[in-house]
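Colleague: Place chain V on chain X using the hints.
Okay, here's what each chain looks like letter by letter:
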Amino acid sequence: MKHPIDRREFLKLAGLGGVVFASSLGAARAAGTMAAAKGGASDDFYFVQLSDSHWGFEGPPNPDAKGTLKKAVAAVNSLSEQPDFIVFTGDLTHTTDDPKVRRQRLTQFKDIVSELKVKDVRFMPGEHDASLDHGEAYQEFFGKTYYTFDHKGVHFIALDNVSDPRALIGEEQLQWLAADVKKQPQDANIVVLTHRPLFDLYPQWDWATRDGAQAIDLLLPHPHVTVFYGHIHQEHHKMTGHIAHHAAKGLMFPLPVAGSQPQRNPLPWDPAHPYQGLGFRDIEAEVKDADFKLTELPVLKA
Amino acid sequence: MMAAGGLLLGAGTVGLRAATQPKEQVIKILARRFTYSPNQLKLKKGVPVVLELTSADVIMGFSVPDFQARADIIPGRVARLRLVPDKEGTFTFLCDIFCGSGHETMNGTITVVA
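Protein sequences appear in the order of chains X and V.
FYI, the numbering for the first sequence is 0 to 301, going by numbering that gives the first Met the number 0.
FYI, the numbering for the second sequence is 0 to 113, going by numbering that gives the first Met the number 0.
This is chain X alone, in the form it adopts within the complex (with noise of 0.2 Å):
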């Protein structure tokens, strides 16, 4: 059968430093061709990041607002082999003032991915989620902004950046971080999710945490750390130290490469290429050898 994604249209590598980060099995899970690409460790496990979906935004950089999330999810639903788990790392909506359509966007949302077969979801917020309200309508969804999560020998932190508007983690949370982290054992493998880049990817553009260098440097003495996180609506990969950071794409509009215009406006939709720079990432997790192979995967298969 021939398979209507070519594995090389959607497999986007990512050279940093040497490494490559690809799984031929996510390309495998998309296409449909797991049986013939089964070889992963027995201990190994893919868990799938969606970002930044803005339910409840209007507006011409997508003409199909109402519908993306919910193709992300069929999307997702359709992999051949379902993940352990998913994350979504912030703006789950668009922000709003009113304190009531901010919670019934967050319904919307809420009802559109339980459709998603997978009900082991873990929700981060985003700015647009919980700035406005420091994270008060968010929590009465989706639980504690920040927590902790162990998986197959991996430990999840997830890190809220957003509830303060200032983009700051805060000395409390920062405080608990150094708790947790301090209980790892040296060679823990640990993945950080979050929203915002904690490294000042482009502070021009408010692409960074105000006290992301702290978070930062209390997982540096670990040297297994890998950082996920959305925001800036593209694929993004940076290293700071051994600390690896990967931006997810979103789910609304895709943005411009820092600095590459004089504002961060959307990109404009290509009606030839609908729901291009759109998109959600398959994670497959190499426990043994604490690495992950990233494959982004489209909205929509070609």
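Hints should not be assumed to be uniformly reliable.
A few chain X positions that, by computed beta-carbon distances, are all more than 10 Å from chain V [unchecked claim]:
(1) T106
(2) K109
(3) L115
(4) H241
(5) V256
Listed below are the simulated DMTMM-like cross-link pairs for lysine to aspartate or glutamate, each with C-alpha atoms no more than 25 Å apart in a straight line [claimed, not checked]:
(6) K118/X to E135/X
(7) K86/V to D199/X
(8) K237/X to D65/V
(9) K99/X to E114/X
(10) K99/X to D56/V
(11) K65/X to D269/X
(12) K109/X to D119/X
(13) K118/X to D43/X
(14) K69/X to E295/X
None of these hints come from the bench; they were simulated from the model.
Here a beta-carbon is modelled for each residue, glycine too, at the ideal position from N, C-alpha and C.
Modeller: Okay, now just chain V, sitting in the frame of chain X:
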């Protein structure tokens, strides 16, 4: 006061100056969701300036990342940010406290000329 990137920056107070320093220029900037007025500043290299920042509605930020300078703008108060521009070019300033839909394009430029 803090020194950063060759600039002397201060928020809230204006520091003492040596008598030989050029006279400080004062520029008033009004922030309101989601604009600054004015949003384009022209400064002369080496000439100190004090930005007097006020907000017409909610708490805002005023950040010039290239000079590592920032201030909170709290409604009802005047925030003072002192700059001594020491490099030429055009630099972005922006609101770095999320203030709603439109926050992403709440910005302006500082052009420093010789």
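Colleague: Are any of the numbered hints broken by this structure? If so, which, sorted upward?
Modeller: none
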